[in-house]
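Asks: Just so we're aligned, residue 1 is where the sequence shown starts under full-length UniProt numbering, counting upward by one.
I should point out that these hints are in silico values taken from the structure, not numbers from a laboratory.
Please read all numbers here as calculations on a predicted model, not as lab measurements.
Ideal Cβ positions, reconstructed from N, Cα and C, are used throughout, including at glycine.
Mixed in with the good hints there might be a few duds.
Cut-off 30 Å, straight-line C-alpha distance, at most; resulting in silico cross-link-like pairs (DSBU-like, lysine-lysine) [to be verified]:
#	residue 1	residue 2
1	K186	K155
2	K25	K188
3	K123	K99
4	K122	K155
5	K25	K36
6	K99	K205
7	K63	K202
8	K49	K36
9	K123	K155
10	K202	K155
11	K63	K186
12	K99	K122
13	K205	K63
14	K122	K49
15	K63	K128
16	K49	K205
17	K137	K155
18	K137	K36
19	K25	K202
20	K36	K123
Cβ pair distances, simulated, as ranges [claimed, not checked]:
#	residue 1	residue 2	range
21	D154	Q55	41 to 47 Å
22	Q70	W46	23 to 29 Å
23	K63	Y100	23 to 29 Å
24	Q90	P47	35 to 41 Å
25	H44	G147	31 to 37 Å
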Amino acid sequence: MTSTSPRAVYHYLDIAPLGRGEVIKLFLTDTGIEFKEVLYPYDHTWPQKSQDLQQQGLTRTGKLPTLEYQGLILTQHIPILRYLARDLGQYDGETNAEKYAVDAVADIYIDWRSRWVANLGKKEDAYKDDFVPQYYKVLGQYYNDRGGPYLLGDKVTYADFAVYQSIDNDARTGTLPSTLPESLLKFKETFEQRPNIASLLKSRKPVS
Numbered sequence: 001m002t003s004t005s006p007r008a009v010y011h012y013l014d015i016a017p018l019g020r021g022e023v024i025k026l027f028l029t030d031t032g033i034e035f036k037e038v039l040y041p042y043d044h045t046w047p048q049k050s051q052d053l054q055q056q057g058l059t060r061t062g063k064l065p066t067l068e069y070q071g072l073i074l075t076q077h078i079p080i081l082r083y084l085a086r087d088l089g090q091y092d093g094e095t096n097a098e099k100y101a102v103d104a105v106a107d108i109y110i111d112w113r114s115r116w117v118a119n120l121g122k123k124e125d126a127y128k129d130d131f132v133p134q135y136y137k138v139l140g141q142y143y144n145d146r147g148g149p150y151l152l153g154d155k156v157t158y159a160d161f162a163v164y165q166s167i168d169n170d171a172r173t174g175t176l177p178s179t180l181p182e183s184l185l186k187f188k189e190t191f192e193q194r195p196n197i198a199s200l201l202k203s204r205k206p207v208s
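Could you build all of it, start to finish, from the sequences and the hints given here?
Replies: Put into structure tokens, the structure is as follows:
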């Protein structure tokens, strides 16, 4: 999504729908925030580009995503989601208990993301056979607590975007369990029907 005067500039790697940065893209698309997308090749040029971005002040760690928003440089994908949710006054829990549930699931997702990235190079059976089934079992319990389809029932939150990305990424790497909890199947189907999300997903390469 682009315009002559985008409200945000999204910097990430050109790795199609894989990666944590895609969570930010999903979120921006759903909110309707107009943004300019700047993608960088993930090849032999990346180490130098990473250094350049650090020198430009667009990342302190040399990693992406980065979001330029309202004069700020925002990094780390889950804190970016939290910031946007608070700024918009949406996509977060209303009560302290709801906010806790959203943050808890986001933290569980962060643990998954770390293991998923590590598994890309090693292809460990323990990841696919042990870690992933347990991850989705726990998520299924959270989503079942309020009857779904989203984590907080009928209210979508920033954590839902991260959870959806984990399901999609595991499917793309062949590490998604053959069966998911019913609550997550219900969530996935509902999430993919959100108008702006449905439009974005049509542009994604289908999961083989």
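Asks: Against the earlier hints, flag every one the structure doesn't satisfy and list their numbers going up.
Replies: Hint check: 3, 4, 6, 9, 11, 12, 18, 20 and 25 fail, others pass.
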